[in-house]
Amino acid sequence: MAHDSNDKDTSPALAAADAHTDHVEHPEWPIYWKVGLFLTLITVGEVWAYYVPSFVASKLFVPILLIMSGVKFATVVLFYMHLRYDHKLFRALFTGPLLIAMATLMGLMFLFSKISA
Amino acid sequence: MANHVAHASHHYTSTGLDSKKIAIWTFIGSECMLFASLISTYLIYKGRSVIGPYPHEWWCASTNTTSLTRIANCPADQLFKPILNIPVTSVSTFVLLCSSLAMVLALAAVENRNRPMPPNAGAWQKALRSSKLWLWMTCIMGATFLGFQAYEFTSFVHEGLSIRKNLFGSSFFTLTGFHGTHVTVGVIWLGSLLAIDYKRGLGPKDALQVDIAALYWHFVDVVWIAIFTLIYLIK
Amino acid sequence: MHLRTQPRQAAALTVGVLALVFLAACSGQYPNSTFNPTTEFNRESTSLWNTLLVWGTIVFVIVEAILIYTIWRYRRRPGVGVEASSAMMHGNTTLEIAWTVLPALILAIISVPTVRAIFRTQAPAPANALKVDVIGHQWWWEFRYPEYNITTANELYLPIGRPVAFTLRTVDVIHSFWIPQLGGKRDVVSNRTNYLWFTPDSAEYTVYNGSCNEYCGASHANMRFRVFTVPAENFEQWAAHQRTPAMIQAPAAAPAAGTPAPNTPATATPQPNAAAANQPPAAPAPTQAVGSYVFPRDRVPAYAIPATPVPADVSFPENLVGDIERGRAKYSSSACIGCHKIEGNPMSVGVTGPNLTHVGSRLTIGAGLFPNDPRHMALWIKNARKMKPLQFSSMPTLGKGEYDPVMKTVINVGGLTDQEIADIVAYLQALK
Amino acid sequence: MATATAPTYAPPIERKRYGLMDWLTTVDHKKIGQLYLNTAIFFFIFGGLEAVLIRYQLMTPNGTRVSAEVFNQLFTMHGTTMIFLAIMPLSAAFFNFLIPLQIGARDVAFPRLNAFSYWVYLFGGIFITLPIFWLGAPDGGWFAYAPLNTRQFSPAHNMDFWVLGIQILGVSSLAAAFNFVTTIINMRAPGMTLMRMPMFTWMSFVVQWLLILAFPVITIALFFLQFDRFFGTTFYSLSAGGDPLLWQHLFWIFGHPEVYILVLPAFGLVSEILPSNSRKPLFGYPIVVYSGIMIGFLGFGVWAHHMFSVGLGPIPDTVFALTTMVIAIPTGVKILNWIFTMWGGSLRFTTAMKFAIALIAMFTIGGISGITHASPPSDLQQTDTYYIVAHFHYVLYGGSILGIFGGIYHYFPKIYGRMMDERLGNIHFWINLIGMNLLFFPMHFAGMLGMPRRIYTYDSGQGWDLFNMMSSIGAYLLVVSTSIFLYNFLKSKRSGAIAPENPWDAPTLEWSIPSPPPEYNFAQIPMVTSRYPLWDLNHPERTAQIPHTAVGHDEAAHRTGEHITASGAHESDIAPMHIETERKSAEELGIPMPYPTIKPLWVAFGIVVMLSGLLFLATNKVVAFSMIAVGAATMIFFIYQWLTSPVE
Ligand code: HEA
Ligand code: HEA
Ligand code: CUA
Ligand SMILES: [Cu+2]
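Chains as they are written, first to last, in this note's numbering: chain A, 1 to 117; chain B, 118 to 352; chain C, 353 to 784; chain D, 785 to 1432.
Please keep in mind that the hints were generated in silico from the structure rather than gathered at the bench. Among the clues, some could well be false.
[What the hints assert, rightly or not] Only some residues are given here: those of chain D computed to face chain C with a beta carbon under 8 Å:
(1) 852
(2) 1064
(3) 1130
(4) 1132
(5) 1245
Every residue, glycine too, gets a C-beta built ideally from N, C-alpha and C.
Start from the sequences and build out the full structure, keeping to the hints where you can.
So this is what it looks like as C-alpha cells:
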C-alpha cells in the first residue's frame, strides 16, 4: 500500500507492458513435476516424522514440522500460483494480509498462553 | 469488463493487469484472515474439551481419563481411540497436492493451446496439451479428497465424535468443514470450465479465467498444507 | 459581518457549555466518585488519572488554541488572497517532524507511570489479606468469607486497614464487580477466575455502593450491592455473629414493622435450633450476645438506602400482623427452601438463591434494589418478578392470585396468602 | 467469477428502464451511491430515535418510561444501527459516488457486484431492524458478549436476528471492499498515480483493506455463534468448557479496525473540504497518506484495549496499552496537518467547512479521552461506564458524523446538481454543535462519578441526575438540528439553486465534469499531470511548487492504441486535463455502458431468504427447510444468470 514518491508512480503501472497479454511466461512441465516431487517428499518426511516416537518427544518436533509445512506453503505459492513470475503487485496483495493473519494468530496463541515468550 | 479484449481500448486499466485477477488475490488475502481465525480457534480449544474423544489420546468415558496409549481396565464400550486417522489423511493430502499439479498443467495447456505441436511430439507431449485431461484430473482428485473427508467425518461420528460432542468436535468439524466447502466450490468452478472447454474449447484468451480458478484452487490446497500440519500432525 | 463573527460565537458557546458542566461537576455530592483516595489501588489510578488529565488538557488547549487562532486569523477578508509563505504552502518537514515527536514524548511520559501502575495493581495480594469469594449470579452477588465460613448476599463487610483479596467467579454470564470509591473493576468471567485486591486503609467508617458493570441481561441495572467499611474489631464481631446459625430475635414491637433502634446490637440467646422450633415468641429480653454487630443504621448515608419506587401494580395490606413462629413453619414447608439456605433451619438448604441466614440484619433486599423492611420484603415475596425484571431461573412470583410476568400465568396452587407472606416476613425479619 | 468470455454470450438484449425499475436494476455507481445515501440517512434517523428514547428514559432517576427489556433492545439496536446501518453505508455512499469520479474512471471495476452490495445491505438492514416493531429486537449489546448471546441465556429469537443480520451485512461490506480495492488499483486515469489520488480516495483505500481483513474474523465468530444457537455446537457453551474470551478476542480483532473503518472516510472527506475552502493545497500530503496507512495498520494490534478488565495479566495489558497509545501519533499528525492546511489560507466558512473544523475540535476531545483509557489502571475506573460512552460518541459523532455531514453539504451539488441551503445549514451546524456537547460532555462526569453504561434505570441521590438531564436536553436539541438538516436535504433536492460544475472552486477531478455527472462520468478520460488538476488550470500559482509530470501518458496512449496530439485529439477516448461542460448521451459518444440488471437484487434476496429459514429451524422444520431451499435456489439460479450474461 505504501508508495513513497510524489511525482513518480511506484505503482506497478509502468512495469506492465500491455493490457492484452498481461501475464508473463509461466513455467512448464519440466519445472512443475520437480516441484510436485519436492512437495511429495516433504509430505512423506512430515508423516514419517510423526511416526518416530523419539522425534515426536524431542522439542525439535514442532519447529521442524512448522518449517516443513512452511516450505511447502511457500513452494506452492511461488511456483504453482506463479507469485515468483507474476506481477509484483500480486505478491504485495498476498503477503501483506498473510503477515497480518499470522501475526494475529501468534498474538492469540500468546494471549491464551499456548506459547510463551 | 476490463479483461474483455474486445473492450480493452475503452477500459484502460492503470496497471495493465486484469481486474478479476487483482480481485481474486485480494479475496485470497481476505481468506487468510478467515482461516487464521478458524485455525486459532482450533488451537486455542486444543486440550480444553472437558470430555473426549480426543484427537491424539485414548479416552475412557467411564473414568473420563486419557492417555497416549490404550487405557487398560477400561470397559470396551467406554474406550474411545484417538480420533485422527493419520494414514488416511496423509493419502488425501497427497491427492490434493497432486490436484494442484494437474491444475497448473491444465493452465499451461490452455495457455499453449495455439502453439504448434512439434512434429515429433510423443503421446505425453500431446497429453500435456490437453486442457480437458488435466481439468478432469483436477476435478477427480478434488472429488476424491472430498470423498476421503466424507469417509473421515462419518467414521469419526461412528467413533463417537460429533460436532456437538465437545470443543474438539466443534472446532475440528467447523474448520475442516469450511475447507471442504471451499474444495466443493472449487470442483464446481472447474467443472464449469470443463463445460466451456467441451462447448468451444479453452484457448489463450481464456487463460485468465483458468488462471483465476487455478489461484483459488491452489490457495485451498495451501490452506490444507497448514491444516494438515497444525491440526493432524502436531500433537 | 455575519460569517466573520461565527468562529468566536462557536468558541464562546462551546466553552460556555463545557464551563457549565465543569461547575456542575465541582459542586454537589458524588457518593460514587472514582476520585477518593480510599485504597492504594485508588491512589494509583487517581494519580495516574491526574497525570493523564494534565497532559490531555495541555494537548487539548494547545490544539484548540492553534485551531481557533488559525480560523480567526486566516478567515477570508475581501481582497486578501492566499498569503501562505512557500514553506507553509504544501508542507513543512520540520514542523511535521515536530508534531510527530512531541506526542511521542508525551506518550512516553505517560506510559511510564502507566506500566508501573499496571504491575502494582496486579501484584499478588499480601498474605494477611482477608479472603472474599465473589460469585456473580443473574442478578445478585454472593459473597463468601472462607476463613470465617460465612456466606452472605449483596452486602460486604470490610475491615478498615486490612487488605482484602477478592476471588471473582460467576455461575452464569459475565458480570463485572465494581466499588467505584474503593478501586478498579474486574469482570467475573464464565469458566474463569479473576482476582482483585486492595486495602481500604483510608476508607471511612461508612457504606459504599457497588454495581455490576458488564451488561448481563434484563436486570443488569439492578445488580447492585453495598460495602460496609467498619473498624476491624466491629468486623470481627460481625463475622462472629454471622457465623452463628440463624437466631430468631423477637421484634421490639409487634407488628414486626420497621428497623430496630439504631446501634442496638442484634440480641438473642443463642440456642440450638431444634429448640427454636418449640420456642414461643419470647418476650424481648435484651441480652447482649457477645460479638454481635450490625452496621448502625444511623450511620448509613442516604445514598446507600435505595429509593426505588414500588411498581403500581403490586400492593400489600398495611399493618398485617405476622407471626414469627407461623412464618417459620410456613417458610420451612414452602417453595422458598428449594432455593434459599438458612443455617440452623434444617429444611432450608437451597443454594441457587441468596443465603438468608441473617437476612434480617441486612440493609437492602433484591440486590440493593429496596430497603430491607417488612413492607418491601412482603411485596418482594408476593411478586418479585414485578418488583424487578427477572427470568425463569430466578425468584418466582409467590403471592396467591398474583400475575407472574415471566410465566405469563396467574399463581393459584401453591400461592401464598397475604397472611402467610406476613408471617414469613416476620420470621425472616427476625433473623438478625 | 468464472464467467466465460464474450463470445459465448447470448446476444445482449438492450432495454432502457424507467422509474422504479430504473433504480432496482441500476449498476451505475452514482445511482447506487444515492441509494446508499438515502437509505443510510433513514437508518441514522431511526437509530437516532432509538437513542432519543434512551435519553428520554434516563432523563430522570428511577425512570419508568420504558421497560428494562425494551431499553436493552433500544441500546443494542441503537449501536448496531448507527454503526452497521448508518455510518458504514454513509461512507459507502461516498465510496460509490466519489471514488470513480476522483480517480477519473467511468465506473467501478465490477458494477453489478456493486449493485449486489447495496441490495444485500438494504435487505440485511430491514431484516435486523424489523423485530423492534414487535419488541423482539436483539438485546445483547452491540458486541453481544458470550455466553449471554447463547441459547442458554438468550433463548428467544432476539439474538438470532442479530447474528444472522450482522452476517448478511458482512457479505455486503466484503463484496464492496473487493470491488473498491480493485477499482482504486486498476481504474485510475492516466497520470493519476497513487500519490496523486485525492485524500478521500486514499482513506477509502485504507478502509477497504480494513474491511477485507477485519470482516472475515467477525464472520467466523458469528458462524460459531450461529452453529451454537442453531445446531448445538459448543464453542461458547459453559458446560462444555467454552471460553467467553474467545468471542471477545475475535470480536475486538474485528471491532477495533471497525472503529477506524467508521472514522477514516470522514477524515478523507475533511481532507477534501479543508483545501477547497482554504484555497490552499492539503498540508503535507504524503505524511497525511502515511499516517492514514499507519492508523489502519496499527489498528490491528490494539484490540485487547477493550478487554483490560477481563484479567489478561500485566504483560498483555502493557503491550496493548502501548500499541494503543502509539496510534495517537499518526492521528495527531492528521489533526495538525489539517490545521496547517488552513494556516495561511483564505478561509471560506461554508457549512461544510464549519463541520470540518468542528470535526478537528471535537474528535480531538474524543481522542484524548481515548488515551485516558488506553492506560489500563485508569481504564479500570472507566470501562463500561458513561465515560466510555462519552469517548466513543465524541469520536463517532464528533468524528464520523460531523465529517459525513460536512461531506454531504460539500458534495450535495455534485450528487444532485443543486446547492443546499447554506442558511439552514448554518443553523443546523450551530444547534448540532451545541447539542452534541451538551449531550456527550456531561457523560464524562457521570462516568467518572460511577455511572455504569447499559443501565435502564439508576437510583436517585447517586450524583448523576444533573448530568443525565443535561444529556437528555442535548439529545432533544439534536432532534431539532437533525430535523432541520433533513428538511434542508429534501427541500434542496427538489428546489435548491442549480449547481455549476465546480461551486467550491475545488481542485480534484470530480469537479471537472457537469453536476450531476453524466452516466459515463468523463466523455474523455483526463490525463492527469499533478495532484490538483483543476487548480493547474484555474489557479496555477497554488500548485506551482509541486512537480508536474506526464508519467504514464504515453503508455496509456500506447495501450489504448491512440495518439494524443499536444492539443489532444478530440475524437480519442483519453485527452489532456480539461473541463467538460456539455453532456451528451453515452450512445452519442459511443461509450459502452454496463447493462442495467435485476439479477444482483435477486441474489441478495435469495441469500436473505435462505438465512431467514434458520429462524424456523426450532419451531417448524418444513417452513425452515423450504425457505432455505427456495432461497438457495434463487441465489444459485441468479448467480448463474449473472455470470453467464454480458456486462456491457
Ligand atoms: C470512530 C471511532 C473511534 C476512534 C477513532 C477511536 C479512537 C481511539 N480509541 Fe476508542 N472506542 C470507540 C471508537 C473509537 N475510538 C468505540 C465505539 C468504543 C467503545 C466500544 C464499546 O465498548 O461499545 C471505544 C473504546 C475504546 C477503548 C476501550 C474502553 C473500554 O471499554 O474500557 C479504548 C481503550 O484504550 C479506546 C481507545 C482509543 C484510542 C487511544 C483512540 C485513538 O485512535 C485516538 C487518537 C487521537 C487522539 C489522541 C487525538 C488527536 C491527537 C493529537 C492531538 C496528538 C497529541 C495527543 C496526545 C499526545 C495524547 N477506545
Ligand atoms: C456513530 C455511531 C453513533 C451515533 C451517531 C450515536 C448517536 C447518539 N447516541 Fe449512541 N451509541 C453508539 C453509537 C452512536 N451513537 C454505540 C455504538 C453505542 C453502544 C451501544 C451498546 O452499548 O451496545 C451507543 C450507546 C449510546 C448510549 C448508551 C446506552 C447505554 O449504555 O445504556 C446513549 C445514551 O445516552 C447514546 C445516546 C446517543 C444519542 C442521544 C445520540 C444522538 O447523537 C442521536 C442524534 C440523532 C438523532 C436525534 C436523530 C434525529 C431524529 C429525528 C430527525 C427525528 C425527527 C424526524 C423524523 C421523525 C422523520 N448512545
Ligand atoms: Cu451483572 Cu451486569
Ligand atoms: Cu478500540
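With a cut-off of 8 Å on the beta carbons, see whether residue 1130(D) makes it to chain C.
-> holds (5 Å)
Holds or violated: is there a CB of chain C closer than 8 Å to the CB of residue 852(D)?
-> holds (4 Å)
If you take the shortest Cβ to Cβ gap from residue 1245(D) to chain C, is it below 8 Å?
-> holds (5 Å)
Can the hint on residue 1132(D) be confirmed by a CB-to-CB distance to chain C that is less than 8 Å?
-> Hint on residue 1132(D): holds, closest Cβ of chain C at ~5 Å, below 8 Å.
Does residue 1064(D) meet its interface restraint, that is, does its C-beta lie within less than 8 Å of any C-beta in chain C?
-> Since chain C brings a Cβ to about 6 Å from residue 1064(D), closer than 8 Å, the hint holds.
Violation of the numbered hints given earlier is absent; every hint is satisfied by the structure.
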